[in-house]
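Peer 1: Now for the letters of each chain:
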Amino acid sequence: MNVFSGHISDIQISKNLSMVSVQIDERIELKTILVETPNTASYLKKGSAVDVLFKETEVIISKGDPSFISIQNKIPAVIKKCDSGVLLSKILLNTAIGDIVAIVTTEILNALVLKENEEVIVMIKANEIMLSK
Amino acid sequence: MIKATIHKALNTAVGSMKLNVQLSIESGQLVTLYGPSGVGKTSILRIIAGLLSADSGQIEVDGVFWLDHEKKIDFSPQQRKIGYVFQDYALFPNMTVRENLEFALEKGQDKNIIEELISIVALDELQNRKPNTLSGGQQQRVALARALVRKPKVLLLDEPLSALDIKMRSKLQDYILKVHREYKLTTILVSHDIGEIIKMSDKVYCLEDGKVTKVGDSLSVFTDNRLSGKFQFTGEVINIESEDVVFIVTVLIGNNVVRVIAQESEIVDLAIGDKVIVASKAFNPVLLKV
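Line order of the protein sequences matches chains A and B.
Everything in the first sequence is counted per full-length UniProt numbering, starting at 1 for the first residue and increasing by one.
Everything in the second sequence is counted per full-length UniProt numbering, starting at 1 for the first residue and increasing by one.
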């Protein structure tokens, strides 16, 4: 699991849902959507320290301009290491907030010719991020 | 509904302690008393059973006072409708399984209950054996059946599974849940095992120094509701396999087996038999009508 620590910077609420922004460092903010509100989860308040969790298999990698892709969270990264398996491959990515691990199919790793030291954009959908106190 | 207020000065291994607790348990609930050794958990069970007298207090079960110190009401253990299961089984070694159960019958009680219990905890094959020829898990099943012969309203379980290995524990937990539901019992369990508590109880009382420090549903007491994933279950790791660049962890959740893809960093501290929370977001699962 990818885990990063940050502080809640913003919460937008609609009925039972909240869109929570978590500031990881000065530049990078991750947004998550939860079936939870400040009434049901006491840690949902501005300034609260939380961990942001997302699975390696939910990390998307783009080589080109990702501006027109409907994914909320985008972080610039450099590929540090590729570990190829038969069907799945593990990619270690270096970003401003630390290392992120992505698991993709070996087929797409080869098709995109993803290599070490290459600059890419890492993307995570808002509904794939969990918060932990 | 059980309402109990219990006060009792106890002498424990670490000195004297004042037991001051209030319990409020709905009929049909299974609640757990949790806490370190010597905080008074067993004493609470013994006081409810009438095996130990309280200094003062009240115990009301479905509107009937079993104990009311001020009114000088104090039912004997026989008058209280209680089944008690101890950690060490406490079976009669010279009697067969069936005889152990029959010995618990009240005078004139219908013997059909014996057949029913033998069938419900699967003792058919073992009914003519003596306790010393049975495994720990089998003996505890006999003890559980025996505690139910008199059709109690309240079942008290004092760490009944702590002497058993993990697989046997899980089986016995299922038997306890089965009889708890089948006989609509109100059950009070003493346990140290958080996985067991989350699996079994509706409510948990955390005790320290003779006092209740925390009450609530077990998942929120132990996980403190700290994880936002709405799709959360507690299970037991039954297998870990390496697969390409990932691992596949097989987890037993109740009677269901699920498999979860994990990373090496997630499994370094994980061993077979460990209790885990399996969590996902409410957005991921799909529903299919059956």
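If you are wondering where the hints come from, they were derived from the structure by calculation, not from laboratory data.
Any given hint could be a false lead.
[Stated by the list, open to error] Okay, derived cross-link-like pairs now, EDC-like style, lysine to aspartate or glutamate, Cα gap no bigger than 20 Å in a straight line:
#  : chain 1 : residue 1 : chain 2 : residue 2
1  : A       : K80       : A       : D51
2  : A       : K31       : A       : D99
3  : B       : K151      : B       : E116
4  : B       : K230      : A       : E118
5  : B       : K184      : B       : E99
6  : B       : K178      : B       : E264
7  : B       : K130      : B       : E159
8  : A       : K133      : B       : D244
9  : A       : K80       : B       : D202
10 : B       : K203      : B       : E159
11 : B       : K230      : A       : E26
12 : A       : K133      : B       : E266
13 : A       : K81       : B       : D244
14 : B       : K153      : B       : D202
15 : A       : K81       : B       : D202
16 : A       : K81       : B       : D209
17 : B       : K18       : B       : D209
18 : B       : K3        : B       : E102
Peer 1: The structure should be examined with respect to each hint, and the outcome stated for every one.
Peer 2: Hint check results:
Restraint check for K80 of chain A and D51 of chain A: the C-alpha separation of about 24 Å exceeds 20 Å, so the hint is violated. With a C-alpha separation of about 18 Å, the suggested pairing of K31 of chain A with D99 of chain A holds against the 20 Å cut-off. Our distance criterion of 20 Å between C-alpha atoms is met by K151 of chain B and E116 of chain B, whose separation comes to about 12 Å. Note on K230 of chain B and E118 of chain A: the hinted pairing is violated, with a Cα-Cα distance of about 37 Å set against a maximum of 20 Å.
With a C-alpha separation of about 25 Å, the suggested pairing of K184 of chain B with E99 of chain B is violated against the 20 Å cut-off. The hinted pair formed by K178 of chain B and E264 of chain B fails the criterion: a straight-line CA distance of about 37 Å is larger than 20 Å. With a C-alpha separation of about 23 Å, the suggested pairing of K130 of chain B with E159 of chain B is violated against the 20 Å cut-off. Proposed proximity of K133 of chain A and D244 of chain B is contradicted: the alpha carbons are some 32 Å apart, above 20 Å.
For a cut-off of 20 Å, the pair hint linking K80 of chain A to D202 of chain B is broken: about 48 Å separates their Cα positions. Restraint check: the Cα-Cα separation between K203 of chain B and E159 of chain B comes to about 16 Å, which is no more than 20 Å; the hinted pair holds. Restraint check for K230 of chain B and E26 of chain A: not satisfied, since their Cα atoms lie roughly 30 Å apart, outside the 20 Å limit. Our distance criterion of 20 Å between C-alpha atoms is met by K133 of chain A and E266 of chain B, whose separation comes to about 18 Å.
Simply put, K81 of chain A and D244 of chain B have alpha-carbon atoms about 16 Å apart, close enough for the 20 Å limit, and the pair holds. A C-alpha spacing of about 17 Å is found between K153 of chain B and D202 of chain B, which places the hinted pair at or below 20 Å, so the restraint holds. As the CA atoms of K81 of chain A and D202 of chain B are separated by approximately 47 Å, the hinted pair breaks the 20 Å bound. Taking the CA atoms of K81 of chain A and D209 of chain B, the gap is about 54 Å. The hint is violated against a cut of 20 Å.
A distance of roughly 8 Å separates the Cα atoms of K18 of chain B and D209 of chain B; the hinted pair therefore holds under the 20 Å criterion. For the given pair, K3 of chain B sits about 32 Å from E102 of chain B by alpha-carbon distance, which is inconsistent with the 20 Å threshold.
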